[in-house]
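K.L.:
Please arrange chain B on chain A, whose structure you already have, making use of the hints.
Here the protein sequences come in this chain order: A and B. Mapping of the first sequence onto this note's numbering: residues 29 to 368, in sequence order. Mapping of the second sequence onto this note's numbering: residues 29 to 368, in sequence order.
For the record, the hints were derived by calculation from the structure and aren't laboratory data. From a predicted model like this one, the values you see are computed outputs, not experimental measurements. One or more hints might be untrue.
Stated by the list, open to error - Think about it this way: if two alpha-carbon atoms lie no more than 25 Å apart in a straight line, the pair counts; the simulated DSS-like pairs of lysine-lysine are: (1) B:K305 with B:K326; (2) B:K204 with B:K326; (3) A:K318 with A:K330; (4) B:K204 with A:K182; (5) B:K345 with A:K182; (6) A:K134 with B:K305; (7) B:K181 with A:K168; (8) A:K168 with B:K96; (9) B:K134 with A:K305; (10) A:K96 with B:K182; (11) B:K181 with A:K134; (12) B:K181 with A:K96; (13) A:K181 with B:K43; (14) A:K181 with B:K134; (15) A:K181 with B:K168; (16) B:K181 with A:K181; (17) B:K168 with A:K134.
Claimed, not checked - Listed next, the stretches of chain A that the computed footprint assigns to chain B, with coverage defined by at least 3 CB atoms under 8 Å from CB atoms of chain B: (18) 110-116; (19) 191-200; (20) 295-308.
Every residue gets a Cβ at the ideal spot worked out from N, C-alpha and C, and that includes glycine.
2 protein chains.
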Amino acid sequence: MELRENRKKVNSWLKNFLSSQEIEREEVEEVFDEIPDFLLRGGKRVRPALFFEGYKIGDGERLEECGKASISIELCHNFFLIHDDIMDRDKLRRGGKTLHKAYEEKFDAWTSISLAINTGDYTNALSFESILDTNFSTDKKLKVIEEFVEMRKKVFEGQCLDLILHETPLSDVRVKDVLDLHRLKTADYTISRPLKMGFSLSPKSGGPDSEKTVEKLETYGRKIGTAFQIKDDLLGLFGKEEETGKPVTSDIEEGKRTLPLVIAYRRGTESQKEKMKSIVGSKPSENEFKTIREIIRKTGAKRKGEEMAEEMVEEGKRAVGGIESDSLVDLANFIIERSY
Amino acid sequence: MELRENRKKVNSWLKNFLSSQEIEREEVEEVFDEIPDFLLRGGKRVRPALFFEGYKIGDGERLEECGKASISIELCHNFFLIHDDIMDRDKLRRGGKTLHKAYEEKFDAWTSISLAINTGDYTNALSFESILDTNFSTDKKLKVIEEFVEMRKKVFEGQCLDLILHETPLSDVRVKDVLDLHRLKTADYTISRPLKMGFSLSPKSGGPDSEKTVEKLETYGRKIGTAFQIKDDLLGLFGKEEETGKPVTSDIEEGKRTLPLVIAYRRGTESQKEKMKSIVGSKPSENEFKTIREIIRKTGAKRKGEEMAEEMVEEGKRAVGGIESDSLVDLANFIIERSY
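Here chain A stands alone, though its shape is the one from the complex (with noise of 0.2 Å):
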């Protein structure tokens, strides 16, 4: 997939579909400023890039109409960041201070983080907008806007489930409740479901083949959005900051149930697991962090995360095969090769 090509566009049409907001008080002016700031600052564009993938497996051809229909899952996913990042209190995101934290130079912290809750909302609303906004016909929009508020509800289930995983004892965590986590948080909205709402708005939806490729699509993007979050468990612990753009010892402070860390548990010795007791949850020492990233890799935690990952997309690969789409199989391989 040309996603360096395809981010230039799709920032371009954000950046007019942004401009093009009218906002009537002079002090919500400031608030609204910082929106395009935290959106255009940086980002992979995967959805929107799916998105237009899903069209063009459906024979569509009016890119530029397609193009402004796909800003909407980024709108969308914008809007899943800002909430996230208060229920999570990050400070960094994608290099620059998150929104809350933005607001935070004006505003004090408790109105910072009203402010988010209520752009979040806002940015909510326009997703749906620039669907709106287009021409396609009335029957395509509303099917893409049924996609896109079952995609919600998905995200809704995932969210609570990370919130309340987070509350439970760490030795409680299953395998299968973080794989359950990266499904329902995950996988749906960042690759099954831009890329059958990109369908959903091209000529072969509704024709005979449909709900053939829609279940392709959707079998597709459960492996490699599982396999992608991941990736994304590892990174955030194996990665380099410069290039995930978030503090590399953020996951464990803020105690996330990832992948790697709920395997290690599993397998580590009763030493072990006091360890990472007593260090997942807070801000870890630079000896701390060290000593966990040492138990995931000995109890090959990290190995088996990396082959399930590796295994997910090889499956993701295979469901789409009769699809002539050389995009879903390069971005089954990014998500094994990326470093950010």
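P.N.:
Chain B only, in chain A's frame:
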């Protein structure tokens, strides 16, 4: 308007809709289960009634189907309430706990807030689904969704303005700011938009007099909705806790820039201003609360607020003079007379 009768029906549509939702993971069901309790506990159901009324004004006859669509605005209202209660740090709503407080029975304070942000987002998604689930034509559904999205953008601006005014010294807040706030944050989504959404579904929508009717409903909503919120401000200070369902001192404690407070400040003597500044924004003692009420009465701010609301209600009634709807007149009168 037969608000009470309508209320029962709306509650049963809401109940059916919510009980048709499927949740995959058991732990998440526990989070979900608080939603019906929160939604069905109370509430005036003014908005669905107006949605219904807009439909009838447009000669709509599919009343059952319209009813099912009308819960969309109630679901959206509850999404706003859930997030609003977090931002305002409110503990009580409709005589029970706010959602984030309800979650505190099982989770720590921050997880509860996070779950409530998330449940608000989910309720927002459901509000769209309740429109999609009806069998109106795709054109009509899309038109309603357009209105629905537009509404959220107004509320964003209102919410931001609310948060910013809250941080603005009382001496710098003008009457116009509060009126803008009420128009943006409340009037649109409480009155005009439900009416216009209901009308959009009706056979007359898009017809020869359609635009004129929409304009009239718009003006009516702006006037009546602002009056509604002024009345809310007054009830917040002078109403009875057992009727309004929220502590009578909470607006003062939160430092809300309500119309009577802002008028009283501008009219007050230096000594009254000093008293107001020292009391507003923290939990008032019984005596301090009495002092505030006394100042608002003595400066004539209470009376002025009531007059403004009454005047707007008259203007609102005039705006819809040509439309045959006793309910619109009844609602206008109800706003002036209500004590809850």
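K.L.:
Decide, hint by hint, whether the structure agrees.
P.N.:
Hint-by-hint comparison with the structure:
1. B:K305 with B:K326: It holds: about 17 Å lies between the C-alpha atoms, which stays within 25 Å.
2. B:K204 with B:K326: holds (22 Å)
3. A:K318 with A:K330: Holds. A:K318 to A:K330 sits at ~14 Å (cutoff 25 Å).
4. B:K204 with A:K182: violated (42 Å)
5. B:K345 with A:K182: violated (44 Å)
6. A:K134 with B:K305: holds (22 Å)
7. B:K181 with A:K168: holds (24 Å)
8. A:K168 with B:K96: holds (23 Å)
9. B:K134 with A:K305: holds (22 Å)
10. A:K96 with B:K182: Holds, at about 23 Å.
11. B:K181 with A:K134: The hint holds at about 22 Å.
12. B:K181 with A:K96: holds (20 Å)
13. A:K181 with B:K43: This hinted pair holds, its Cα atoms lying about 18 Å apart.
14. A:K181 with B:K134: Answer holds: A:K181 to B:K134 is near 22 Å, not above 25 Å.
15. A:K181 with B:K168: Status holds; Cα separation ~24 Å.
16. B:K181 with A:K181: This hinted pair holds, its Cα atoms lying about 22 Å apart.
17. B:K168 with A:K134: The given pair, whose Cα atoms are some 43 Å apart, is violated under the 25 Å limit.
18. 110-116: holds (count 3)
19. 191-200: holds (count 4)
20. 295-308: Contact hint for the region 295-308 of chain A vs chain B: violated, 0 residues under 8 Å.
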